[in-house]
Each structure stands twice: as structure tokens, then as C-alpha cells.
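**Q** With chain A's structure known, arrange chains B and C on it following the hints.
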Amino acid sequence: MIPPAFEYACPSSVDEAVRMLADAGEDAKVLAGGQSLLPLMRLRLAFPELVVDVNRIPELRGVREDGDALVIGAMTTHHDVIADPLVRRHAGLLAATTSTVADPAVRHRGTLGGSLAHADPAGDLPAVVLVMDGELVAQGPRGRRTIPAREFFVDYLQSALAPDELLVEVRIPKAEGWGFRYEKFHRVAQAWPIVGVAALVRRDDGHIAEARVGLTNMGTTPLRAPAAEEALSGAGDPDAVAQAAQEAAQGTRPSQDTSASPEYRAHLARVLTKRAVLAAAGMG
Amino acid sequence: MIETVAREVGRARPRKEDAHLITGQTNWTDNISVNGLLHLAILRSPMAHARIDRVDVSAALERPGVIAAFSGRDVAEAMGSLPCAWPVAEDTVVPDHPPIAVDEVRYAGDPVAVVVARDRYTAADALEAVEVDYTPLPAALDIESALAEGTALVHSDKGTNRCYDYHSASGDYEAAKARADVVLTRRYHQQRLIPTAMEPRSVVVTPRAASGDFTLYSSTQIPHVLRVLLAVTTGIPENKIRVVAPDVGGGFGSKLQVYGEEVITLVLAKRLGRPLKWTESRSEANVATHHGRSQVQDIEVAARRDGTLLGLKVSLLADMGAYLMLLTPGIPILGASMYPAIYKMGAYEFSCTGVFTNRTPIDAYRGAGRPEATFAIERIMDDLAAELGMDPVDLRRHNWIRHEEFPYTTIAGLTYDSGNYEAATDKALALFDYDKLRAEQADRVDHADTVRLGIGVSTYTEMCGLAPSRWLGEMRYAAGGWEAASIRVLPTGKVEVVTGTSPHGQGHVTSWSQIAADALGVPFEDVEVMHGDTMLAPHGMDTYGSRSLVIGGVAVHEAARKVVDKARKVAAHLLEANEADLDFADGAFSVKGSPEARKTIQEVAFATFASHDLPDGMEPSINAEHVLDPDTFSFPHGTHLCAVEVDTETGAAHIRSYVCVDDVGKVINPMIVEGQLHGGIAQGIAQALYEEAVYDEEGNLVTGTLADYLVPGAPDLPEFVSDRTETPATSNPLGVKGVGEAGTIASTPAVVNAVVDALRPFGVQDIRMPCTPERVWQALRSGQSGQSGKEASA
Amino acid sequence: MTHISVKVDGTTYEDEVEPRLLLIHYLRDRLGLTGTPIGCDTSNCGACTVELDGTAVKSCTVLAVQADGSEVTTVQGLAHDGELTALQRAFHERHALQCGYCTPGMIMAARDLLREHPHPTPDEVRHGLEGNLCRCTGYQNIVRAVLDVSEEEEVTA
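Going line by line, the protein sequences match chains A, B and C. Counting along the first sequence from 1, when you hit position 38 you're at 37 in numbering that gives the first Met the number 0, and nothing is skipped either side. Counting along the second sequence from 1, when you hit position 459 you're at 458 in numbering that gives the first Met the number 0, and nothing is skipped either side. Counting along the third sequence from 1, when you hit position 117 you're at 116 in numbering that gives the first Met the number 0, and nothing is skipped either side.
Derived from the structure by calculation, the hints contain no laboratory data. Note that beta-carbon positions come from the ideal geometry of N, C-alpha and C, so glycine has one too. Any given hint might turn out to be false.
To be verified - Here are some, though not all, of the chain A residues that point toward chain C, as calculated from beta-carbon distances under 8 angstroms:
{"hint": "1", "residue": "L42"}
{"hint": "2", "residue": "F46"}
{"hint": "3", "residue": "D102"}
{"hint": "4", "residue": "R108"}
{"hint": "5", "residue": "A188"}
Same shape as in the complex, but just chain A:
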């Protein structure tokens, strides 16, 4: 199918992009990797009047260290995230999860920032950034602000970004000494996950000292599983992990669609949490 007509702008700096967004108001869309937006436009499910293409803004790409955090430019492609040595060293969960996103050609175009700003609860990366306690840096006409991941994902396909704000970078605290795993459950390799579970585990003396569990596609936003996280604390063997994982779906309201019912999603969240945590804890 064919996208509807739009005005096109291709700013070369963040400031310029933000100005364009501010001028255009609600009718503008930021074009990042385009791997979600362009299909939506082709299906005529999105009709932006102005498309602001931020692909030619060099400052939005790349990974750097900033003290205890990694700073990843919003327009860093999935491919580059996977390959980046800093990401692999300090944010292994992000690298591993990103390698499960879509397919190699899509990963050449699609970007970390684009995936997060799209705020699709079925996307793999929002739950990962949530579980890593990431922060999202947005720039608008009034300057920059930093939004914690837990406040960024507001609702289905809705982020905390204002229409005139551009996501410029993602800050991820280095996760030294944490085991990690992303368990993705999908019906065919290129399908969206029915449920995904991201686990980060810190062990101490053979026990789980701290576990963080993030849930993909268990509601209208990516979620943490606080009850499971609490129950996992101190778990010392697979049985205890399995027991704690039973809490994974507590408080969630997963959706009903062609690929799964809410009750099946809740079940999967429990099973995948057990598996992800066991693997992350090296108990699997």
C-alpha cells in the first residue's frame, strides 16, 4: 500500500528538529528508523501532515560512557547497539534483547530511541530499559529533561514525550555483576512476542540478592513485576525461584488478541519469569 502525502523536513541538528516539531504541533511525526511508522502510514493508520526525519542528525547516534551510566544516542540503530562493545560489556541484557528484535534488515534501520518512543507494549526494548532503570532524555523548546523509564511509558503507544519533544538519548546504569536473560515467547520467529520477560539478577553467596523482572506485552505499557521481584529476593534454589515466579503476573491486565488470551499471557509470564531468572542467576 501507499502512504498518504505529507510534508517532509530533514533537520541537521536537534535544535532545528525541535523547532520544527514546536511549529507543527500535533500533526507532526518524528521519523526515526521508520520500521514501525512507515508500515503504519502505508496501511493508512497514521496520517501525519509533517514528517520530521531525524536520520541526518549525527549527534543522535553513538554510545558513550558517562560515569556509571552508558549514554546511547536515540538514533543508534539496533544493529549498532548489538555490535557496540560498551553495550555488550555494561548492558548485556540490552544487547541480547536487541538481537531478538524483528530481523537483520529491520535492525539496520530501526533505532533504540524509535522503539522506545513508539511505546508499543509488545516491543521488546521498553521492558528492558524499564528493568535496567534506564532514563530517557528528551529535548524540547524549554530545554532538556530526563524522564525515568518507569514514568516514560504512559499508555498503549503513548510515551511521556510532548509533541514538541524529541527523544535524544537513553541513559542506562551500568549493570556490572548482574546476570541477565530475556525470554521471548512468540509463535514464529519474526512475530511480536506474546509475552517477553527481562530478568536482571544479582547474586550473593549463592542466593539471589536482588532480582528485577520486566514484562513485555502484559498490559498497555511495559511493566515491572514487583511482587515477583520481592519474592525472589533471597531465593537460593530453583524451587524457590519457581515459587517466587508465581507472582509474576500479579496486578497485570494483559490484553486479549488473536495470539493469546489474558489468562494464557499471565501463565506465560510466570513460566518465562522462572526461566529468565534461573538463567540470569546461573541456576538454569
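**A** Same frame as chain A, but now just chains B and C:
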């Protein structure tokens, strides 16, 4: 008598077709461009059933670059009603089917209006300016309730959603049942599938106004049948229509059709006097290209305690969708003779009721009726084995036709000419390491492993080579089942084979070259094969139903035989010998006893071209045509074995190993045969595990794109271990049986049998297709049959 | 209309295009480079895969304006003077295509895969091609063809 040295037949020749396909020098219909080409776009109904109150195209017409726009009413008279060639019963209800809806839309996707514009972008935009007022009508969306009192009628003028009832019986089933120790009754569901050829459909029509003739390019499997029916439907004389099937990117039955878009594009090109192109998008294809399967199968088997089958009773509810397309009513009937499969029994009853629903029409999809039949019989054989506590292979062995019993006439009335089920099965069991896997399966049960192993068996046969014209006539099919081939030996000795088959991936150019090269004794490289154009290859019945090799390929062989017979007369004359004294081998005639006296077929061709010295009264040509109408079907068979690991925690089924041993008779090109099986098996697995056309409660297709309709990718499919046995068909001189649909027919029950086998210890008797993780999980939870009807998700 | 300059298969083209024009339609309808086909609306099938500045992308999900200043390689730019690439040869010899509609995209995706993983395992090949759907082959011969090329000493895919 031809003596051919089998130099080419049986060789794994890489294909002649590939050169242009791997370099992008393709000629897909959408690639075609001519000066002044206009683009047609179609507005489709967003509702399953509604009255059309108003269609206003005036705003679309005002847009720059828009040449024309029409409602259904504007063009109804010129377009006629789309044809159904197979009204299986005398009283089949055949509704009117306008290519563009006039008064009512009857499925989401039914065309409502068209626009013609200078390019595809302008045409797409103009669709949004067409105004349509609908009054929604209640819809019939489910096969099982379509005939119930009070259900909305798809065609209210017909007074019923019943399209036809079809019955056949042989032997006394009730008596057989009365004698049986065990009677097993099952209901299986064949989900609705979307064929999904990778090339979306496209039509280009170039009119020549002065002479009133038209060339229609279409991504079709059936250029010849299409030409006839376009003429009948539009009233344009047949000899004014040339149909070309250029490169066609897969069909699987979905392009065995006379589509409304073909009629629309032709009629509007005529009306506007301009060349026109229509190309569907994938999301358009998912609603507008016909769907497949969609049946509810009630099957009952009567057997003795020792496993001996006594009788079989089958009752189908078959979804027609909203309209009858070319073969819609006949698809389930094509399976009618296949339920008894390879088994001996004394009684068989078959009935089928066709029902209309407000959904995309159903028609042929790879196997067309036979996969459904094979699924049901092979599923219930596994269930019966479980019921009797027998090994499923032993149960089959106990009942199948033994190799020494061929030819064998089945209870369904088909005479199988040859086969060796024992040989194929034994080979498959050895390759699969059946006993070892059974031991592992038991071990996992003993250890209460969360990942269980299931083993599925499918011993299938199919009727290939559609079809003897007389049989088709008896079945009320409107056309014949012959195929034509002609061979020209050019003055320079090169050979042109003109075939009536219309390949779209099957490799006919290569295989037909191999057949002709051997029969004529000429080099493989010297043979060109022409097809898919009613001007170049005017005589044909096209490609579907695994018919091409068995009829069209054999016709090539027979045409070559005629060429040699004619050439023999010329050679005898030139060599001053009696025809009877000539040998023909390696492309040359020689006089028995004096091998130095010889004429090659190329020399004979040139002598015939020069024509200076031919036998008296002989016409100066050794070219020949052969039109072959088969006497009977062919019956490939095979044994497919599948091992599935089922994760009982998530419900996910993963194919661990897949072995197939197929007997497709003599093999022309083993590489092509293997490729056909691979692709067929993949599609069968897709039905078993992944694919389903899902509609919501309003009758909208939910699986409208490839993001929702889950076609398996490379990581989702296993490595197949394939081997063959070779029992030649006795019904044709090449001994071939056909292979296009075998894999699809065989694999679906093998996979589902494996999934169910893994779950039997949990009391599970069936999983509805596709066997999604959730369905497996639900079945495990309830610990009973997944066929009880309760569906967690639609 | 936006002015673009794109080098496709070695030739530089300058054009005025609508911003919404998809790269695949630019290649097919404007340049007449119809060797790359379109199979879907949602970037799932991969039939339209081309190389943009040396990496595989789905040209139905890139705007032509985004290719301004870039180099595009399509399946039509692979063979030189009739000399097929190793992958093209392997696809032919291994019967890795039937209808051939997915083949251009499949070959471009396989090139990308071999650049990143010159010696992949069969499983890596399958995952590397997960964004390219084939309805004819069941993938087995495609996997074989890619593995054949990966086993050749120098990868000149």
C-alpha cells in the same frame, strides 16, 4: 518403437528457469509498463454484509490525475457474473456474482468502486474520495451455524445458506457398523487458510482500439481457461483476447481462478481505450484472493478389535464463502474419493453440504480437498490405534493395500494402478529411527519430563493428474482434463516444445526439456520450452492439481514420439530403407545391420525444411502435436514421520525431526522433486502449527497482513530428511505420478498426530489446528479433548 | 517535491520526488529497475530487500528521499559481465528458488548475513534469513546454498 537412452530423465539438472530469476531480469506482471499505462485501484467493503445505499465517485473524479471512476452499477452490464465451472449437484445454488458489488456487499473485501488514475499513488488517494453509504446487514460468519434457523442469509434471494448437498455411498455402512467392535467418531476442523503466494496478483490489459483486440497479462495459473471464461463473461470474442501469464510468483491454487479484477481491468481498458494495470497489495490480497480449506469434518470409523477396518462414514460442512468462484463447490468433492486412502474396507458413506458465509470465497489451495481428506483419515487412524492400544504403524499395515494386490479398486471406486506402502514405510521407519524415538518417548513419560515427545505417522496417497475428461463430465465440471504439447524441430536442429501447462515455479521448462531431449535424442541445451501465452501456446488446460507432469509432461513425450515417427518416414526415404529396418537411438536413425548408414533427427529436420526429396504425398513437416486425455488418475504415496517436542509448560510444539519417503513413480528431475516436497511439507506444517485466517465478530479479517497471518520463516521449520521409493505408474509411458501437492497432503496430519501423541498421557485426544501453544496449554489444563469446542481465542 | 541524488547499481540518478515515495517504488516505477519486487505492506516478507550504503534494508520501509546521497545495490547490480556472484550460482545449483519471487530479497539478505557471519551455522543462517519469507522451498535448499558459499574460502558473495 522408440529406443531412448535415458540420458536426461532422472538427472538432477539445475533449472533453466533460474538465470533470469537470480539476476532480477524478471517479467512479473507488475513489472510490465507501456506508454500511457493507467493504474486502477479498488475500493472494498469494510463490512461483512451491508446494503449499498449510495456510491458517489464524483469527488474522486475531481482530483487531478484521475481519469475515471465507477460504481458497480455503472459497469454491471458490461461485466456479467463471475463464472463457477463446477456446480457439483444438480440443484447447486449459484448466486449472481458481479465483479463489483451492485446492491449488497457480502464479505469484507467485496469490491464497491474503482478509480483509474495516472499513477498508483494518485489512484490510492482517489479511493479515499469515493463516498459510499452502507446499511449494515446481519452476517453469517460461521459454518456450523450457517444453516440454523434465524441465521442471516448471505443471498437473501436464494432463501437459504445451503449451496448444495452431495452424497455417495458404497457398501452398507450401517451393517458394517453393526458388526464393529469399535466405532470411533470425531469432529475435525480445517481452519481457513490464506494461500499467500509471494507475488501478489496483478493484471495488465493493453487494448488495440483499431482492431478491438486485447492482450491481458495476469499472474495466473490458467491463461487458457481464463481466456475462454473472459470471453464468455464479457462477451468479447475469444479470438480477440490474448492472455499471457508472464513470470508468475507462486500460485498454490490461489491463481487458479477467474478473478473479478481480471474482468474489471479488461472491461475498463476496453471502455477507456487505454492500457490499464491493477496490482494488489498484500493486505488487499488477504481479503481479495480466495482462501482455502474451511471445513468441519465429521468422521466415523467402524473396526474390529484386531484393528480391521470395516467401514467409514464422512460428513462435511464446507464453507463456500460469500460467492462461488471457479471451482468452489468442487473442492471438498475432490476429496470425496480420498477418505478411504490406502485402506481396505467394505463400506464407505460420504456426504457434504456446502454453505455460504459472509467471508472471502473459498477455492483451491494446494491439494484442494485431498489434504482435508488425508488429514481426517490419518488423524482418526492414529486415534483408533490409541483406542485399540495398537502401534499406529501396525494398524496401518494391518489395513493397507499390499503391494501384490495392485491394481486395486478402493471402496470409493478408484483403481490404484501401483504402489508399495510397505517399502516406503519400512524405509521411513529406518531413517527416522522409530523404535529409538518411541523408547525416548516412554522414558520422558516415566520421568514426568516437562518436555514430551510425540510421534506422528501419515501414510498418504493422493489422486494426481487431474483429470480424465469423462470423469470430470460425470462430476459436472464444465471443462475437460486433457493437455496439449507440440514439438517443432527447427531447420537448424534446435527444438521448440510448446506446452499447454503454465508453470509458476515448478520447473516445467527444465523437466520438459529433459523429457524431449531423451525422446528426440537431442541435447538438453537445444530444447526451448514455450508456455503461458495463448498466442505462442494456444492449446492448453494449464497448471493445477499435480496434473502438469502426468498429463502435460507425458503429452510432450507423446508428441516427441510422433515427431520421431514422422522423421522415420523421411529418414527411411533418404536412406533408401524400409521404416521397419531403421533403429532410432541417440537422436539418429540407422539401418539395422549397417550402422554407418544413418541420418540424425537434425538432418531429417533440415531435409524436411528443404523438402526437395520427401516421400510421395508426405506433408513437409515432422512437427507434431499431441493432446493427451488421461484414462485415469495417478496415485503417488508415501510415509511421513514427524517427531515433535511439546513444552508442557508453555504449550509450544517444536518439530525435532521430520522424515519423508515418497513414491512419486519415475522421477524426471530428483532435485525438482525434492524441492516440491520441501515446499509442500512446509505449507502442510504451516497449517498444522501456524496459519489461520481469523475473523472478528463483525466479520472483519483480523489476520489482514503478514504481521498477523503467520507464514513460517526459515527458523520456524525443520530440516527435512527425504528419500524415495520408485514404483512406476502403469498408466502412462513415463511411469510418472506427480508431486506438486504430495508434501502438503502428507505433512499436516503427521504433525498434528505427533502433537496429540505427545499429549495422550494427559488425556488429550485432539488439538484444533493450528496447534498453537495456547490451544495445547488449554488442552493440557482441561486434560481432555481440545475438540470439545471451547475456544479461548477465536 | 524533493530533489534527490542516488547512485543505484553504479549509476547516479538525480530526480525530483514526492517525499512519500517509497524507495521500492522509486526503483521500480521511476528507474524501471523491476528486478526487486514487493511482497507486503508491513516489512515482513523481505522480497524488496536491497543494500543501502552496504547494508540490507527493506526498500518498502525506506523513503526515496532518505536514500538521497546514498548508494543502493539491487539484485540487478550483482552480476558483472554475465559473471554471477557465488550466491547467485549457489542458489541455482542448490535449487534454492522455485517461483523466484523472494529470490532477489533472499540473496540480498544472505549477502548481509555472510558479511556479518562469514561462516555461519545452519541455525545462524536460518535466523539470519528470518526477515525473508519464501512460500515455495521450505527454506532447506536456501540454507544449503548459503552454507555452500560460506564454505568457500574467500567470501565473495
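**Q** So which hints don't hold here, by number, going up?
**A** 2
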